[in-house]
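Q: Residues per chain are reported as follows:
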Amino acid sequence: MAIDWTLFKLCNSLAGRWPLLDTVIRMLVNEYAVTTALALVLFALWFSGQLPTFREQNQRAVLSAIASILLTNLVIKLLNLAFYRPRPFANHDVALLFYRPSDSSFPSNATAVGFSLATSVWLFNRKVGLVMYVLASSLGFARLCSGVHYPSDILAGILVGVFSSYLIVRKISFLDQLRTIVIQRMRRLLLA
Amino acid sequence: MLHFVSKELALGYLLFSFLSALGVLQWVAARYRLVGLALLDDSERCIRGYGLAGLLVTGSAVWFFVSQWTEILTPGPAGAELSVLFGTGAMCALAVTLIMASLLQHSRNSTPPQDTSDQGQTVTVGCATGRLHIPPSPTEPMPAICIVPRLGAGAESMGTLARRMVQEGLVVLVVNLNEESCAYPGILAILPAAMSLLSKSPEVDPQRLGALGHDLGGDLVIRAASADKQIKAVAALAPLLVDAPVGLGLMQEMPYPQALRWALDRKRTSLRADLNALKYGAKIAPRPLLLVCGAEDRLVTNAPIEEWHVQHRDSITCRTIQGAGHFNLVDHPTALRTAVQWFKEYL
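One line per chain: the protein sequences are A and B, in this order. Counting from 13, one number per residue, gives the positions in the first sequence under our numbering. Counting from 14, one number per residue, gives the positions in the second sequence under our numbering.
These aren't lab readings, by the way, just hints derived from the structure by calculation. Quick reminder that beta carbons are idealized off the backbone N, C-alpha and C, glycines included. Please note that the accuracy of each hint is not assured.
Stated by the list, open to error - Here's a subset of chain B near chain A, in silico, CB distances under 8 angstroms, partners left out: (1) Val41; (2) Leu261; (3) Ala276.
Said to hold, decoys possible - A few chain B residues that face chain A, going by a derived Cβ cut-off under 8 angstroms, partial list only: (4) Tyr26; (5) Leu95; (6) Val259.
Unchecked claim - Here are the simulated distance ranges between beta carbons: (7) Lys139(A) <-> Ala240(B): 19 to 25 angstroms; (8) Gly92(B) <-> Met13(A): 25 to 31 angstroms; (9) Leu33(A) <-> Ala316(B): 54 to 60 angstroms.
The shape of chain A in the complex, shown without the other chains (with noise of 0.2 angstroms):
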C-alpha cells in the first residue's frame, strides 16, 4: 500500500499547481467529456465501415461493448457491496480538483467502463480501439490527479473492464449469435 500512496502523492502533486493543467484535468475528470467522447465514437463506428464485412465487424465491437458495460457494472456493484474504501481525500490532505464522490473508491469505476468500451472495441477493430484506450487512460489518469482515487483503484478498474469485455467478446459463445440476430434485424431497417 505504501506504493499506492507513493503513487498518488506523485499524481496529485500535479494537482492545484498551474491552472492551465487543473482546468484540463477538470475537463478530463468529469462525467461528461470523455464518457460522452467514447459514446460518440461508438455512434460513429456503428454507421462506419467502406465493405459490409467491414461495417458488420465494427457493429459487432458496438454491441459488444454495450454488454460488456453491463457486466462491468455488475461486478463492480459486486465488489461495492462486499468491500467499502475511502476516497483518497476522507483521510488524507490532497488537492481535490473534483467533488467529493460518497461512494467506494475501489474499483473506478469511470475507468473500468472506459476499458471495457476500449477493449471490445479493440478486439474488433484495432485502430478505434487504440483510439479509445488514449481517451480511457486521460480519464483514468485525471481522476488520480484530481484526488478522487488512489492508482490501486485505477488498477482495478482497468483489470474489471478488460476481462469483463474478453468474457463478453471471446468466452460466452451464445452472444455472438444474439449479435447476428440484432444486426440482421437492423439490416433488414437499414440501419445495419
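On the provided structure of chain A, position chain B as indicated by the hints.
A: The following block gives chain B in isolation, referenced to the frame of chain A:
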C-alpha cells in the same frame, strides 16, 4: 427510478448529445458517401460535410462545457441517467438526419434540367409504349438500339444516353415500361415487339439491331436476347442478376424512405428471379455482350458478374466506371462513351 438532479443540466446534456450525434452522422455521411444521411449535397467533394460535422461537434461541446462549467463539477446525474440522455439525443439525431436528408434530397431532385430538344416520336411496343429517336436526314439504313430503362423510371431517365446515340448516328427506341407491361411473362414480349418495329422501319438496317438495358431492364434485355437472334449486340448497365444485399449500403445510393421502399419491393425481386438473366445470358454467346457497372454501385453484387466474365471471356466485355453509382450510371460521361463506342464497333 431515474433521477436527473438538475433539470437545466439534463436538458443541456440532451441537447449536447443531440447536436454532437448529428455532427458524427455528418462525418459518417461525408466519409462513406451516404446520401441517406447527408444534409449537404457533397457528391463531388466531402469538405463541406466534414466542416459541418466539425462545427456541430465542436460547437455543441464548447457551448455545453462553457455554459455548464460549474454544474458539471458538482454531483449530477449518474451513469444510467446519462446513458438515457445520450441514447435519446443520438436516436433523435438519427431520426432528424434521415428525415432532413430525405427532404433535402427530394427538393434537390424535384427540378432536374430538362432537355426538350428531342422528345422523339411516341410509338406502341407490344403492351408498352416507347419513344423512337431517328437521326436527322439519314442517307442509308442505320443500326438501331432498343433501350429498356429500370422499372419505375420513365423513358426520360435514359434521355441523355438516347440523345448521345442519336448524335452518333444510331436509331434509338426507348421503351416506356408501365404497370401492366412489367408483369411476367408478358414483359418478355416487349423486346421482340421492339425489334419487329425497328426492323420494319425504313431508316433501320434490320441486320444491325442491338439492345441495352439498365438495372432490371438489363436483366430483361439479356433474357430477351438469349432467345431473339435478331439482336446482334447486347449491353446491360448495372444489371441486377442476383438479389442485392439489403442494409445501410443502400443509403449510399438513395435517401432512407426510397431505400426502404426499394428493399421491400417484392415485385422487383420476383421479376428478377423470373427473368433469371444469369442462367439465360449464357445463350447469348457468340454474340457480344457488354456489362457496365459503377464502382460505387451498392445495388449490384459484383461476384456473379466477375464469375460470368471469367467463363465467357470471348463474348463478354466487362467495364467498371469509377465514380459512378447505380442510378447515375446512365448519365455518367464515361459510361455513355463506353456504351456508344461499343455499339458502333459491334453493329
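Q: Does each hint fit the structure? Answer for all of them.
A: Tested hints:
1. Val41: holds, 4 angstroms
2. Leu261: holds, 6 angstroms
3. Ala276: For alanine 276(B), the interface hint holds, since the closest Cβ of chain A sits about 6 angstroms away, which is under 8 angstroms.
4. Tyr26: Result: holds, 7 angstroms to nearest chain A Cβ.
5. Leu95: The hint holds - leucine 95(B) has a Cβ within 8 angstroms of chain A, the shortest such distance being about 6 angstroms.
6. Val259: holds, 6 angstroms
7. Lys139(A) <-> Ala240(B): 19 to 25 angstroms: Violated, at about 53 angstroms.
8. Gly92(B) <-> Met13(A): 25 to 31 angstroms: Given range 25 to 31 angstroms: holds, Cβ gap about 28 angstroms.
9. Leu33(A) <-> Ala316(B): 54 to 60 angstroms: holds, 56 angstroms
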